[in-house]
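**Q** If you want the building blocks of each chain, they are given just below.
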Amino acid sequence: NAGVTQTPKFRVLKTGQSMTLLCAQDMNHEYMYWYRQDPGMGLRLIHYSVGEGTTAKGEVPDGYNVSRLKKQNFLLGLESAAPSQTSVYFCASMGLAGAETQYFGPGTRLLVL
Amino acid sequence: QKEVEQDPGPLSVPEGAIVSLNCTYSNSAFQYFMWYRQYSRKGPELLMYTYSSGNKEDGRFTAQVDKSSKYISLFIRDSQPSDSATYLCAMTYFSGGYNKLIFGAGTRLAVHP
Numbered sequence: 091n092a093g094v095t096q097t098p099k100f101r102v103l104k105t106g107q108s109m110t111l112l113c114a115q116d117m118n119h120e121y122m123y124w125y126r127q128d129p130g131m132g133l134r135l136i137h138y139s140v141g142e143g144t145t146a147k148g149e150v151p152d153g154y155n156v157s158r159l160k161k162q163n164f165l166l167g168l169e170s171a172a173p174s175q176t177s178v179y180f181c182a183s184m185g186l187a188g189a190e191t192q193y194f195g196p197g198t199r200l201l202v203l
Numbered sequence: 079q080k081e082v083e084q085d086p087g088p089l090s091v092p093e094g095a096i097v098s099l100n101c102t103y104s105n106s107a108f109q110y111f112m113w114y115r116q117y118s119r120k121g122p123e124l125l126m127y128t129y130s131s132g133n134k135e136d137g138r139f140t141a142q143v144d145k146s147s148k149y150i151s152l153f154i155r156d157s158q159p160s161d162s163a164t165y166l167c168a169m170t171y172f173s174g175g176y177n178k179l180i181f182g183a184g185t186r187l188a189v190h191p
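Protein chains in written order, with the working numbering: chain C, 91 to 203; chain Z, 79 to 191.
Note that these hints are calculated values from the structure, not bench results.
Being a predicted model, the structure only gives us computed values, none of them experimental.
You may find that some hints are simply not true.
[What the hints assert, rightly or not] One side of the interface only, derived from the structure: several residues of chain C facing chain Z at Cβ under 10 Å:
no., residue
1, A92
2, Y154
3, F194
[Said to hold, decoys possible] One side of the interface only, derived from the structure: several residues of chain C facing chain Z at Cβ under 7 Å:
no., residue
4, P98
5, F100
6, A114
7, G185
8, L186
9, A187
10, A189
11, E190
12, G197
Idealized CB from N, CA, C, for every residue including glycine.
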């Protein structure tokens, strides 16, 4: 039982490049989330999914796209990376029981030059 | 005005001290209140969870909620160097079809021997 895993752990991009961050969970959770964490800002929700095949925008969705083709995977895409997207990205999943079952992944550090 | 305010610290205390971490909030719709602990370069992990005013105790940790003052606290008794981490408060309310989870900016705590 690995919980929530994220790949890659660290990535450096040049402005304008694209990439996909992968999140996987093995707890059969319905809900999955992508957050970004910046100094002094706490965690901000980018996109979320309430089930396979569904996605929705969070607080800061601009510049990102997501897909949830399989229940266990939630992908975050950056089509044209910008320096403002330099951040630490966390994926989380949550079961139907609510926030007390929310688990976070270890994070992906992204640097956009 | 942020929905959840949290002093970023840093807070430095000697081993064995009682630590008090606090958050204030402005939205009366918040229903559930959580505290997460985040070690350096790791994802947040749920520490305490409560939904009512009053105190909830778990070992050396006590979570306190005062809904009338819109104020929550986390107390750590007999603090240990292993408690050194960033502590994030978080709150949820149902909006737009999902449980919206809002995080504070986090308070960095250092417990020195």
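**Q** For every hint, state whether the structure bears it out.
**A** To see whether the hints hold, each was checked on the structure:
1. A distance limit of 10 Å between C-beta atoms decides the matter here; for A92 (chain C) the minimum to chain Z is near 13 Å, and the interface restraint is violated.
2. Contact between Y154 (chain C) and chain Z, as hinted, is not supported at the beta carbon level, the nearest pair being about 18 Å apart and thus beyond 10 Å.
3. Interface hint status for F194 (chain C): upheld, as the beta-carbon distance to the closest one in chain Z is roughly 3 Å, under 10 Å.
4. Taken as an interface hint, P98 (chain C) does not check out: its beta carbon lies about 14 Å from the nearest beta carbon of chain Z, beyond 7 Å.
5. The interface hint given for F100 (chain C) is violated, since its Cβ lies 10 Å from the closest Cβ of chain Z, which is over the 7 Å cut-off.
6. Restraint check, A114 (chain C) versus chain Z: the minimum CB separation of about 14 Å is more than 7 Å; hint violated.
7. With its C-beta approaching chain Z no nearer than about 12 Å, G185 (chain C) sits outside the 7 Å limit, and its interface hint is violated.
8. Restraint check, L186 (chain C) versus chain Z: the minimum CB separation of about 11 Å is more than 7 Å; hint violated.
9. For A187 (chain C), the shortest C-beta to C-beta distance to chain Z is roughly 11 Å, which exceeds 7 Å, and the interface hint is violated.
10. The restraint placing A189 (chain C) at the interface with chain Z holds, with a minimum CB-CB distance near 5 Å, inside the 7 Å limit.
11. For E190 (chain C), the interface hint holds, the least distance from its beta-carbon to any beta-carbon of chain Z being 4 Å, beneath 7 Å.
12. With 7 Å as the threshold, the beta carbon of G197 (chain C) comes within range of chain Z, its nearest partner Cβ sitting at about 5 Å, so the hint holds.
Hints 1, 2, 4, 5, 6, 7, 8 and 9 from the earlier list are contradicted by this structure; the remaining hints agree with it.
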